[in-house]
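Enquirer: Heads up: the sequence shown is residues 1 to 376, going by my numbering.
It should be emphasised that the hints constitute simulated quantities derived from the structure, not laboratory data. The structure presented is a predicted model; accordingly, all values stated were derived computationally and were not measured. For each residue, glycine too, the CB sits at the ideal point set by N, CA and C. It is possible that some hints are incorrect.
Unchecked claim - Distance condition first, Cα-Cα at most 25 Å in a straight line; then the derived BS3-like pairs of lysine-lysine:
hint, residue 1, residue 2
1, Lys334, Lys265
2, Lys334, Lys313
3, Lys265, Lys369
4, Lys55, Lys313
5, Lys334, Lys369
6, Lys324, Lys334
7, Lys265, Lys324
As the list claims (entries may be wrong) - Estimated spans, in silico, between C-beta atoms of each pair:
hint, residue 1, residue 2, range
8, Met1, Tyr133, 39 to 49 Å
9, Gly250, Ser143, 14 to 24 Å
10, Tyr133, Glu315, 27 to 37 Å
11, Gly198, Lys129, 15 to 25 Å
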Amino acid sequence: MITSMDDYLIHQTPEPIAQPSPTDRNFYDRFWMNGYDADGGFLFECGLGVYPNRKIMDAHWSVSIDGVQHCFHGSRRAPNDRTESRVGPLDIEIVEPMRTMRIRLAPNETGIECDLTFSARTFPHLEPKNVMYDELRCIMNTSRFTQLGRWEGFFSVGGERTEVSAEATYGTRDHSWGVRPVGEPEAGAPGLTTTEPGVYWVWSPIFWDGGFCTQFGSFEDRDGRPTQVSGHRVPVYESADQIPVENDPGIIDMASARHEIHWHKGTRLAERADFQLTQPDGEVLAFSLEPLIRFQVLALGYQHPEWGHAVWKGEEVIGGESWKLDEIDLLDYKHIHNHQVCRATLGDRTGIGTLETLAFGRHDPSGFKTMLDGAP
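With these hints in hand, go ahead and build the complete structure from the sequences.
Expert: Pasting the structure below:
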């Protein structure tokens, strides 16, 4: 099927753009982004994914504010034209590629609205590929770039409007695509990943005073050995217009990157975190993170029993929900995955950014011994 995207010189396979090269039903293409004020008063996040081989597009927008998290969810039949990124009242517009993005959530029955514009401040940094096999089958093969920037506009919940200014609101966005487990589980004989299921993932982009940011990401096995780890120092620019177009020679790939999460006793929620990033020239960036506000990633479809990614719900449906953060069970499977806005300290420098943690199953360095026990 030919669509408007086929008019651009962007083809990577012999097929039209609407047809992914992998026929794997779990192929996806997805936006994610967050925004938070400098004092940790709110944290909003948005995600929109398309799953062409499942014929589904879904989207979510949520904000954590005053101890409550409010969520918008939407799902629809996926459009064939990849220029369309709209689910019900939620629309994401690429105003200028790699520079400016706009999210609009029009008035709807959930009582949640927004009109927010992201302006980039860093080069779109390509993270290491994520590849995972379950015996003979590749179940994950993805690419992702990450970009930090500023937000402005507003959001409203139940008629209460919050203004968002670029001077006080930071944020991160990513765009990932490829194959990963989504949607309803596939049938067949159990694989190795079901014999002792588990995942340990930590990710943290931080803005620092002084015109740079750090980015860290790591998967570890159950014994604490990194199966994927990366650390980078990335220049921050005063405006999107100053960002280099093709590459940024100022990006530094760390020679080594280490971290330690200190968990709240009896939970899998980070109480604080320490990082040590060593540059090729030997300079060590040793910093710590102190959480200010929490966001349950369930709001964006992860481990959601009703609004999970790539689950068929109908031609076009929307829904909403809210929960008090101090009333949820932190060891409930669906609440393990979380983001926290953190105050960062690096010597006499200060910073602010996001800490993402996801820990299912045994992880010896953390003291986790079963699927969902808490930290000792």
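Enquirer: May I ask which of the numbered hints given earlier this structure violates, with the numbers listed in increasing order?
Expert: 8
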